[in-house]
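Note that the protein sequences, when read in sequence, are chains Y and S. Read the first sequence against our numbering and you will find it ends at 256, with the numbers running on by one and no gaps. Read the second sequence against our numbering and you will find it ends at 160, with the numbers running on by one and no gaps.
Hints were generated in silico from the structure; no laboratory data involved. Misleading hints may appear alongside valid ones.
[Stated by the list, open to error] Once the Cα atoms are required to be at most 25 angstroms apart in a straight line, the calculated PhoX-like pairs of lysine-lysine come out as:
no., chain 1, residue 1, chain 2, residue 2
1, S, Lys-115, Y, Lys-193
2, Y, Lys-160, S, Lys-115
3, Y, Lys-159, S, Lys-115
4, S, Lys-47, Y, Lys-177
5, S, Lys-115, Y, Lys-182
6, Y, Lys-177, S, Lys-87
7, Y, Lys-163, S, Lys-87
8, Y, Lys-182, S, Lys-47
9, Y, Lys-181, S, Lys-101
10, Y, Lys-181, S, Lys-115
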Amino acid sequence: ETGVTQTPRHLVMGMTNKKSLKCEQHLGHNAMYWYKQSAKKPLELMFVYNFKEQTENNSVPSRFSPECPNSSHLFLHLHTLQPEDSALYLCASSQEVGGGQNIQYFGAGTRLSVL
Amino acid sequence: QKEVEQDPGPLSVPEGAIVSLNCTYSNSAFQYFMWYRQYSRKGPELLMYTYSSGNKEDGRFTAQVDKSSKYISLFIRDSQPSDSATYLCAMSGAPNTGTASKLTFGTGTRLQVTL
Chain Y
142 ETGVTQTPRH LVMGMTNKKS LKCEQHLGHN AMYWYKQSAK KPLELMFVYN FKEQTENNSV
202 PSRFSPECPN SSHLFLHLHT LQPEDSALYL CASSQEVGGG QNIQYFGAGT RLSVL
Chain S
46 QKEVEQDPGP LSVPEGAIVS LNCTYSNSAF QYFMWYRQYS RKGPELLMYT YSSGNKEDGR
106 FTAQVDKSSK YISLFIRDSQ PSDSATYLCA MSGAPNTGTA SKLTFGTGTR LQVTL
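Make a model of the complete structure from these sequences and hints.
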């Protein structure tokens with residue numbers, strides 16, 4: 142158990158569906174992150190939240206909508222996705238953003254397939 | 046030029062071999078260096094963390110940082126089949142700087158240790 146839990150582990154959705162990914166961290170951290178991991182590419186940072194406030198949106202299309210109701214929970218709402226959005230979506234947490242060490246702890250990810 | 050370069054592999058070695066994994070980077074602001082290990086269908090897990098230049102050893106693993114050459118390495122001694130995974134290097138900058146707020150990752154090197 143890594144301390145960061147993601148659900149669901151696998152998701153198949155059509156391009157017209159709406160779904161949500163959930164992340165919960167039990168580490169007492171204040172920062173949470175969404176990443177996209179595609180084959181043969183570095184992890185792509187999507188969104189950053191620090192103390193529930195969004196501090197970074199890495200030019201992510203609006204069909205991805207994050208929500209952070211508190212420091213322990215993070216959601217990624219998905220709608221009208223494209224097949225190229227199929228990837229592993231990883232959630233991570235760290236003590237806070239910009240503190241220097243920035244050691245991030247990852248969940249197991251949600252494997253998303255868009256048909 | 047990518048900020049962080051990492052040979053994607055795959056790298057195949059026999060059990061018991063010494064493995065050397067490397068990353069080069071271009072941003073001299075990076076001060077914190079990490080190695081993550083990612084097993085298939087899992088999220089990345091932190092393996093080693095170092096600050097600035099120097100060596101750090103933890104069991105069979107040694108991390109080296111050479112800031113003058115902008116080069117980091119991870120050595121695995123007496124490699125085991127259970128070491129088969131993708132190894133990601135990651136780095137960030139000093140507190141309260143633009144590079145402190147996020148980790149910059151390499152693409153990952155896939156390692157296969159054979160019996």
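We went through each hint and held it up to the structure:
1. Between Lys-115 (chain S) and Lys-193 (chain Y) the CA atoms are separated by roughly 35 angstroms; this puts the pair beyond 25 angstroms, and the hint is violated.
2. About 42 angstroms separates the Cα atoms of Lys-160 (chain Y) and Lys-115 (chain S), which puts this hinted pair outside 25 angstroms; it is violated.
3. With a C-alpha separation of about 44 angstroms, the suggested pair Lys-159 (chain Y) and Lys-115 (chain S) falls outside the 25 angstroms cut-off, and the hint is violated.
4. For the given pair, Lys-47 (chain S) sits about 18 angstroms from Lys-177 (chain Y) by alpha-carbon distance, which is consistent with the 25 angstroms threshold.
5. With a CA separation close to 21 angstroms, the supplied pair Lys-115 (chain S) and Lys-182 (chain Y) stays within the 25 angstroms bound.
6. With a C-alpha separation of about 14 angstroms, the suggested pair Lys-177 (chain Y) and Lys-87 (chain S) falls inside the 25 angstroms cut-off, and the hint holds.
7. Under the criterion of a C-alpha separation no larger than 25 angstroms, the hint pairing Lys-163 (chain Y) with Lys-87 (chain S) is consistent with the structure, at around 16 angstroms.
8. For the proposed pair Lys-182 (chain Y) and Lys-47 (chain S), the alpha carbon gap of about 11 angstroms is at most 25 angstroms, so the pair holds.
9. At most 25 angstroms may separate the alpha-carbon atoms for a hinted pair to count; Lys-181 (chain Y) and Lys-101 (chain S) exceed this at roughly 28 angstroms.
10. For a cut-off of 25 angstroms, the pair hint linking Lys-181 (chain Y) to Lys-115 (chain S) stands: about 22 angstroms separates their Cα positions.
Comparing the model with each earlier hint shows violations of hints 1, 2, 3, 9; every other hint is respected.
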